[in-house]
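Asks: Each chain, letter by letter, is given below.
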Amino acid sequence: MPKLFLVLLFSGCAIAQPLIFNRAVLNAASYMPNRLPGGAIAQGSIFSIFGARLGPTPAAQANAFPLGTTLANVAVTISQGSNSVNAIPLFVGDGQINAIMPSNAPVGAASVRVSYNNARSNPMTVMIAPSAFGIFTATGTGLGPGILQNYVSAAAQPINSATVAAKRGQAITLWGTGLGPVSADNVAPTAGNLPVKVEVSVGGVNAAVLYSGRTPCCSGTDQIVFQVPDNAPLECWVPVYVRTAGSTVSNAVTMAITQDGGSCFEFDPPPAFVTGGRSGALNAFRVTTRQDVGTRAPIDVRADYQSGVAVQVPNTAFPFHPVYSYPPDGTCTMFSVKGDLLRGDPLPGAQVYGNPLLTSSAVTFTGPRGMKVLTNLLPGSLLNYLGGSVTGNFFTNNLFLDPGNYQISGVAGIDVGAYSVSAAMPQPLTWTNRDQLLTVDRTQPLTLSWTGGAADQNVTIAGFGVDLPNNSTSLFGCVAGPGVTRFTVPAAFLANFPATRANPLQSKGVIYLINRPASGSADLKASGLDIGSVVLQSAIGKTVIFR
Amino acid sequence: MKIGYVLCPVAFLVIACDCPCDPPDLGTDVVVCRKDNNGVSMPVLVNSKGGSVSSPNSNFAANDWSCPDTKESPIWTNSEGSKYTQGGKSASSSNGARTAAADTAAYLPRAILDLPFSARPSASDNTSVACDSSYPDILQVNHDRASVNRISSCGFKMLATIPVATRPLQIAFTPDGLTALVTSFDNAVNFIDLASNRVTFTLTTAFDVNPHGIAVSSDGARAYITSFNTENAQVAVIDMALRKVITSISVTSYPQTATLTPDDSQLYVTFPLGDAVYIIDTLTNTVARTLSVAAPRSVVFNSVGTRAYISSASGSPGTVQELDTETLKVIRSFVVGLGPTDLKVLYGDQTVMVTNYEGQSVSTINLGTGLVTTLAMGGPVSGLTIVH
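These protein sequence lines are chains A and B, in that order.
Going by the numbering used here, the first sequence opens with residue 1, and the numbers climb by one from there.
Going by the numbering used here, the second sequence opens with residue 1, and the numbers climb by one from there.
Treat each hint with caution, since some may be false.
[Claimed, not checked] Derived, one-sided and incomplete: chain A residues facing chain B with beta-carbon distance under 10 Å:
{"#": "1", "residue": "Arg23"}
{"#": "2", "residue": "Ala119"}
{"#": "3", "residue": "Pro123"}
{"#": "4", "residue": "Asp340"}
[Said to hold, decoys possible] In silico lysine to any residue, SDA-like type, Cα no more than 25 Å apart, as pairs:
{"#": "5", "chain 1": "A", "residue 1": "Lys167", "chain 2": "A", "residue 2": "Leu210"}
{"#": "6", "chain 1": "B", "residue 1": "Lys329", "chain 2": "A", "residue 2": "Ala16"}
{"#": "7", "chain 1": "B", "residue 1": "Lys329", "chain 2": "A", "residue 2": "Thr125"}
{"#": "8", "chain 1": "B", "residue 1": "Lys329", "chain 2": "A", "residue 2": "Pro348"}
{"#": "9", "chain 1": "B", "residue 1": "Lys329", "chain 2": "A", "residue 2": "Ala52"}
{"#": "10", "chain 1": "B", "residue 1": "Lys329", "chain 2": "A", "residue 2": "Pro346"}
{"#": "11", "chain 1": "B", "residue 1": "Lys329", "chain 2": "A", "residue 2": "Thr57"}
{"#": "12", "chain 1": "A", "residue 1": "Lys525", "chain 2": "A", "residue 2": "Asp456"}
{"#": "13", "chain 1": "B", "residue 1": "Lys329", "chain 2": "A", "residue 2": "Leu210"}
[What the hints assert, rightly or not] Listed next, the stretches of chain B that the computed footprint assigns to chain A, with coverage defined by at least 3 CB atoms under 8 Å from CB atoms of chain A:
{"#": "14", "region": "222-234"}
{"#": "15", "region": "326-339"}
{"#": "16", "region": "353-360"}
Think of the hints as simulated: they come from the structure by calculation, not from any bench.
Small disclaimer: the values here were computed from a predicted structure and weren't measured.
For every residue, glycine included, the Cβ atom is placed at its ideal position computed from N, Cα and C.
With the hints as constraints, model all of the structure from the sequences given.
Replies: As structure tokens, then:
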């Protein structure tokens, strides 16, 4: 269709009117979807509004107390029925506003509107709670290394990172927003603990909380000071979360903990993509899912996939990758993000950005079912659906990744040399209590048990809850170390899962056990790569109902 | 039916994936209402994969069934544009009399709708569909006969004919599947108890409110109806517990269909005569945005509410506009048949189907490839429902 006609056909809304994007009013630290339990905007907290034409270019920032309710001709109104209050803008730009939710804002569903140069935006519904904490992150996504300072002395409080780790027993200052209301939002806060109950979990161990309240410097910003537990796990990416009022769970961030406070990479070499450098990875996996929610009879769906990427990853002070930065053995992490991750929406930070490395145009897999030549999707990027099967032979069984040994090879490309790697696709685990699991109580721990696999395998337990109408996904990921055959997922990691809806077409709930034996992994060594890996995995899953 | 979502793109396995995570689409069947060359209306089954059409295994007389017709309908247009009156009679126009159905834009969207259903295994591609009594029923309005038909989707057996207030137009269901709400242009909303197939309550609206479009929130707490007139054009909000109108939102003339976003936060209302779509914020019951769309007839959303598909009957052939509901910008425009009307997004968000009333066809849009295939139906088609 000619572009002009299309423009005439659908000329859209008034150009100058500010537009708040759909569902784009979020906790400024966690960015957790607002309709999830931990994603509500707390009274007195900082929240972000994303949209278009919301404010000036260049952006303006509040820089002196007392703070006002307008900034650069931008105002934000919070309304619930006839009750209306003004938020306190801290940062206003064309695409984003950061503001303080007034401590006297109404709790529950309210409407947010932006006014810029007297033009009013569309209203956007937002849930407001007395408290709901978000932890600021170095990545700015709500995932990954948190903004946590290792207390060394009053003058030395470096930000925790993989190379500046904390020690057990050390005091840590965690930065976030959402502990709850205060008497005044527009002046420099007064130091002091706020009344809300605060719990901090470090790698699954409760930490002693030394302080939880506003930081005197900054309105809307909270500090929680805690002590690293003596039995906290030592790792690069130890999950940390905050629970307020006994029930509301924040985003999970990570912190590095080592015996001596040195770099965690010294004893735990980083996987590909986590630190900067020329990295490559090839993955292949079989996923078997028992589907018995929303189906008349259970259906087993099997699918084989393969992916790969080679890229020059830029160096960063806070290395983290949501897929490759595993939590320590015996612990869990969690993410709550927008989108349907089970249909391809990516986790923030999961896509590796950097200059793609030009590999050969194809990878050859040779295994029990013969040979497949897989071609690049994009330069340096592979993605292939290799085959599948469904109970009842709804379509032809064309599975490829049967358990067994595989030879994976590629010829030399422009940036990456030739390679040939051997690895084994593992047998799937036997999930011994799978068929007894249909409904998951989100307030209770979830115990899973299995048999089979290699003695040296790590088992990853991954659970997903997708709420389609709200376009959000919560997931947990836990790592059971070698030799473990039973794992209990703490209830906190289920707290932000959306409840499964009555209409089975509106929700997805699934739990997977993924085995990763040593034989399924190999180093991918090729000229032009600083680091590389090949991983073959098998996952067994089941659909569940979250209640 | 849910089938085949797997752990393709997720954490702990792959880096980044924009892949076809579901196994191949097993095919979905839809039902449309078709009027043949003899003026006989029948429901027909269309396979979304191959586009094959199954003849109804009907055991009821043709007179029992009536696809939407222009006769005595309060809503009709002619070639010179729209002429509507409060009483449903045509206003004066240069060519006076109403023309035949085939070349007018009589438009009664959603004449048939799917009931809440139980899932079933699907048939494989292009094979005849075996069905049984557990298949969902379909409701269909008899606009001219003041009744609603309840029909089995397996064999198209007529199960009941339910009298309602005159000139019924559209149907919506409560999420518990117990009640169907039917708008009647003549000032009523009918509450049909689906267990007894009887109207158990009639909400009588003001004399100048002519219910047309209807949507029910997913929690069953609110229903929204449009008043299809110019004298008191509005969207009325019904408290379902109280079964009364609790507020109304004034809008421009002739609001027609009403479609809630999946999260119920917004209501999209079409104005086919005003070339507009209103976005109403359901918390404040205010018009949040107005979009300019030529001759919009219907709106449907993908499962996560990030895309809206709007049938635009402007031009020949018509189009389906794909709207980014975040930025409110049109991303793509799909050329379909003449007079695209009712829309459905099939499970998995990969396929959109649309009836082309004047084009007498059904178009299937593959959202992955952008390809559109159009199947001639041999008569005007309207109403579109998915048989899961």
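Asks: Identify every previously stated hint that the structure contradicts and give their numbers, smallest first.
Replies: Checked against the structure, the hints that fail are numbers 2, 13, 14, 16, while the rest are satisfied.
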